[in-house]
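Asker: Residue numbers (my numbering), protein chains in the order written: chain S, 1 to 561; chain H, 562 to 884.
Honestly, the hints are just simulated from the structure, not real lab data.
Now the in silico label distances, taken between C-beta atoms and shown as ranges:
no., chain 1, residue 1, chain 2, residue 2, range
1, S, Asn203, H, Leu868, 38 to 48 Å
2, H, Leu868, S, Lys240, 50 to 60 Å
3, S, Lys95, H, Leu717, 43 to 53 Å
4, S, Glu477, H, Lys609, 20 to 30 Å
5, S, Asn60, H, Leu713, 24 to 34 Å
In this text, a Cβ means the ideal position worked out from N, Cα and C, and glycines have one as well.
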Amino acid sequence: MAQVALKVFAFLLNLLMLALGSAAHAGDGSSAQPPLAGMVSAMDHQGPRQAKRLKIGIWNSAGNITTYTIGNSWNDWLLWLAFDKLREPSPYGGKAGNWLATDIRRVSDDARTWEITLRDGVKWHDGSAFSAEDVAFTFDYYRKGPINRWTHHTSALPRFEEIKVLGRLRLRVRAKMPMPNFDLITAADLPILQKKQWQEVDNPRAFTGLAIGTGPYRLVEYKADEFYRYQANPDYWKGKPLVDELILVMIKDPQTLFTALKSGELDGAARSLPPELVNQWRDDPDIEIAKAPSLWGVWLDINLGRAPFDDRDLRQAIALAINPDAMVRRILLGMGTSGSRGWPHVDSFWTRPDLRVGYDPVKAKRLLKAHGLVDRDGDGWRDLPGGRPIDWQIKVASNRPLLLRAAQMVMSQLAAVGLRAHVQAVDPASLAAAWKTGRYDFRVMDITPHGLADQDMLALLSKGDNKRALAPETEKEAILNRWLKADSRADRLKISHELQAYQNAYPSRVMLWYPDGYFAYRWQSYDNYASSAGYGIFHKYSFLPRPQRAQVVDELTKRVD
Amino acid sequence: MRYLRLVFHYAATLLVALGINFLLPRIAPGDPLDYLLGEETLVALSGKDRLRLMAEFGLDRSLPEQFWLYLVGILQGDFGLSTHLGQPVWDIVISRLPWTLLLTGSALVLALTLGSLLGVLAAWRRGGFCDVATMAGVLFVGSLPPFWLAMLLIILFSTILHWLPSFGAYELGAVPGTLDWLLGVGKRLILPVLALGLVQMASVLLIARSSMLGVLEQDYILFARAKGLSERWIMVRHAFRNALLPLVTHAMVGIGGLVGGALVIETVFAYPGLGSLVVGSVMARDYPLLQGIFVLATGSVILANLLADLLYPLIDPRTRIEG
Numbered sequence: 001m002a003q004v005a006l007k008v009f010a011f012l013l014n015l016l017m018l019a020l021g022s023a024a025h026a027g028d029g030s031s032a033q034p035p036l037a038g039m040v041s042a043m044d045h046q047g048p049r050q051a052k053r054l055k056i057g058i059w060n061s062a063g064n065i066t067t068y069t070i071g072n073s074w075n076d077w078l079l080w081l082a083f084d085k086l087r088e089p090s091p092y093g094g095k096a097g098n099w100l101a102t103d104i105r106r107v108s109d110d111a112r113t114w115e116i117t118l119r120d121g122v123k124w125h126d127g128s129a130f131s132a133e134d135v136a137f138t139f140d141y142y143r144k145g146p147i148n149r150w151t152h153h154t155s156a157l158p159r160f161e162e163i164k165v166l167g168r169l170r171l172r173v174r175a176k177m178p179m180p181n182f183d184l185i186t187a188a189d190l191p192i193l194q195k196k197q198w199q200e201v202d203n204p205r206a207f208t209g210l211a212i213g214t215g216p217y218r219l220v221e222y223k224a225d226e227f228y229r230y231q232a233n234p235d236y237w238k239g240k241p242l243v244d245e246l247i248l249v250m251i252k253d254p255q256t257l258f259t260a261l262k263s264g265e266l267d268g269a270a271r272s273l274p275p276e277l278v279n280q281w282r283d284d285p286d287i288e289i290a291k292a293p294s295l296w297g298v299w300l301d302i303n304l305g306r307a308p309f310d311d312r313d314l315r316q317a318i319a320l321a322i323n324p325d326a327m328v329r330r331i332l333l334g335m336g337t338s339g340s341r342g343w344p345h346v347d348s349f350w351t352r353p354d355l356r357v358g359y360d361p362v363k364a365k366r367l368l369k370a371h372g373l374v375d376r377d378g379d380g381w382r383d384l385p386g387g388r389p390i391d392w393q394i395k396v397a398s399n400r401p402l403l404l405r406a407a408q409m410v411m412s413q414l415a416a417v418g419l420r421a422h423v424q425a426v427d428p429a430s431l432a433a434a435w436k437t438g439r440y441d442f443r444v445m446d447i448t449p450h451g452l453a454d455q456d457m458l459a460l461l462s463k464g465d466n467k468r469a470l471a472p473e474t475e476k477e478a479i480l481n482r483w484l485k486a487d488s489r490a491d492r493l494k495i496s497h498e499l500q501a502y503q504n505a506y507p508s509r510v511m512l513w514y515p516d517g518y519f520a521y522r523w524q525s526y527d528n529y530a531s532s533a534g535y536g537i538f539h540k541y542s543f544l545p546r547p548q549r550a551q552v553v554d555e556l557t558k559r560v561d
Numbered sequence: 562m563r564y565l566r567l568v569f570h571y572a573a574t575l576l577v578a579l580g581i582n583f584l585l586p587r588i589a590p591g592d593p594l595d596y597l598l599g600e601e602t603l604v605a606l607s608g609k610d611r612l613r614l615m616a617e618f619g620l621d622r623s624l625p626e627q628f629w630l631y632l633v634g635i636l637q638g639d640f641g642l643s644t645h646l647g648q649p650v651w652d653i654v655i656s657r658l659p660w661t662l663l664l665t666g667s668a669l670v671l672a673l674t675l676g677s678l679l680g681v682l683a684a685w686r687r688g689g690f691c692d693v694a695t696m697a698g699v700l701f702v703g704s705l706p707p708f709w710l711a712m713l714l715i716i717l718f719s720t721i722l723h724w725l726p727s728f729g730a731y732e733l734g735a736v737p738g739t740l741d742w743l744l745g746v747g748k749r750l751i752l753p754v755l756a757l758g759l760v761q762m763a764s765v766l767l768i769a770r771s772s773m774l775g776v777l778e779q780d781y782i783l784f785a786r787a788k789g790l791s792e793r794w795i796m797v798r799h800a801f802r803n804a805l806l807p808l809v810t811h812a813m814v815g816i817g818g819l820v821g822g823a824l825v826i827e828t829v830f831a832y833p834g835l836g837s838l839v840v841g842s843v844m845a846r847d848y849p850l851l852q853g854i855f856v857l858a859t860g861s862v863i864l865a866n867l868l869a870d871l872l873y874p875l876i877d878p879r880t881r882i883e884g
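If we strip away everything but chain S, and leave its shape as in the complex, we get:
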């Protein structure tokens, strides 16, 4: 009797929580709130606004900084130091402004054809003039050449079918399908290559030289896996950068990286501080900590290629059994946003503001029971309808302690609804291989802004899900097809919101949390950083004169806690 009363009470409590949650967000506008950026240190010092040289620690290899050696979006900002895009800063905020382009105009009703006018007077690092030939070459090279992290923009979403140079600074592109967000996504993500340098390169992955860009910094020296040395480009069209030389040192071990910053051997660490260090260093007189939206996230990936996860109602039950709020409290010490806000990233312009994945273990149990997942052998754990015991594996990278803790919490939260699972820690490459071969039930992993805050990627990832799924999900497929055919920005956003609602109701990826980005630096070396959503504070805009960066960053002028 007491148990029944407890269940009824829990159910009512959940109802109340859901109602309160909905009410709290009923007043949200049609787009996400701008994320907070500012100082979190006890003191906000006023250090130098220029510097001769800065030494910044980085943690991930980027080869010789070309689009073919940077494999994922962890290191994008290293590339952007030397390269520019048509519009900047990124596709994530939905507000990219003109950069190398002065005008990007849709010239057909079906949004398939766009014309681009380029900025005059821009020079490549070797002094030669930037022109429409370079942009056309870049699009074509990405379309036909080896695959990299950016090529999907020209070969998949959207898929270009014609690239035509109309003049020295004008060109036109046409795609197979509508691309109503060409100016905000494609143009804001594609680095522009120099035709003169790359037209001779048949195999870009074997190219070992120093790439030439139009950006504020020239890569002048690098030692594989050791360091990169950038020098300011004095002729940069946006003005001479404020720091003459940037030395980026590779330190993969986070302990060593942060210790080197603490001891004064580094001027900054381009890796988000762990929550424990934020509290420890808040009062450090030599170090300042800035909060900047990182747009990263951690999710629980469910294998759609394995039964019974092809059952979308079962996935819904699993999502309802996960309590991300508890993870944020215990693992992040409150320094992040709960994944209960769903996928994509809560701070992305493209995200539907009222998205929710409720924590509701009572409903989860009801759904599980309705699907025949009950304890048949009396061992206290649910079994599959056929009687086979359940013991799902949650794979996680062994070098990620926070994610390991998350996997353990997922395990215990699943146990609370009678589902048995165990954590399996493997090296990162094995984790990637598990995804490729489909040998996993769940994975806990983190995702970069590219996968979490870009509308095109949401569609691409969903298409990928469809390819891997055991059972087709016709409702999802229909939404995707409508999305692909939508020819206006508003329509596409509306359909994207439908897709997001579907994904969160029947998730293939359950968001666990979005970490806050905390970035530490020594203010006496340089104190002129700014925040750019998705890049933190270490990016090229932090080294540009203030008036020149006004449209692309948020200055760290306010205090946030």
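Model the placement of chain H on the given structure of chain S, informed by the hints.
Answerer: Chain H alone, transformed into the frame defined by chain S:
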């Protein structure tokens, strides 16, 4: 004839080792593509694109074909291109090798010198305070995980005292060969050498001590004492020289162990040697780079063992007769 047999024996070992070097990275789950492009990109690839990508890295060929190309490459001195660093493997390996040699060599010298000295001292004063103190110290230091010892050293000497740098092998920006640069190299060598050498020293000390104890019980030592020779003379000329053999073996085998230990130490100190390179390459499943490093490491160990085999007869005449 004996030497010819020896060389043939080592050549066969090398060939088997090359085969293992080739297979090891491929046995591990995953391949270079997973790291190079990331899941966000791979998820959208069509089957045709995936095949194209595999062909780019030669992964579409059969294993025997890949092995043959690998052997031909080695014979031609072409180790291929690192998949994740985009540089020729040989260039990377050769630029890293001196740092590993410097680090492991210094650590080995430290471990051998200090370890044998303390081992001899402990054996000489067996049961005394010196013996008990060194044994307790050895058991403590030897049981410390190297990365933990490294972190302790960094916290003490870099963060608290600010005496020594915590990462790297040289001062970035200093001109190679200048005094500044050399001083930078020296300063950056101290902590990793201590971390690596102290742990190795423990085993050297134990071997030296037990070997000395064994020798000190021999009749010829008793005879030397009966002749009235000084204890110091007996220790150096008679006992230590004869106790040296197991230490030489250990030193040679230890070279391999040091490279293994360097994996962790180089990673913690961001030291640009082969050890930290291996860690990064394993994560990236960089087959060509791993093969290149393994070839070098295997070659070094085989060469060290060959040297040990050649040195034995010079040190111990008994092995000459047996041979």
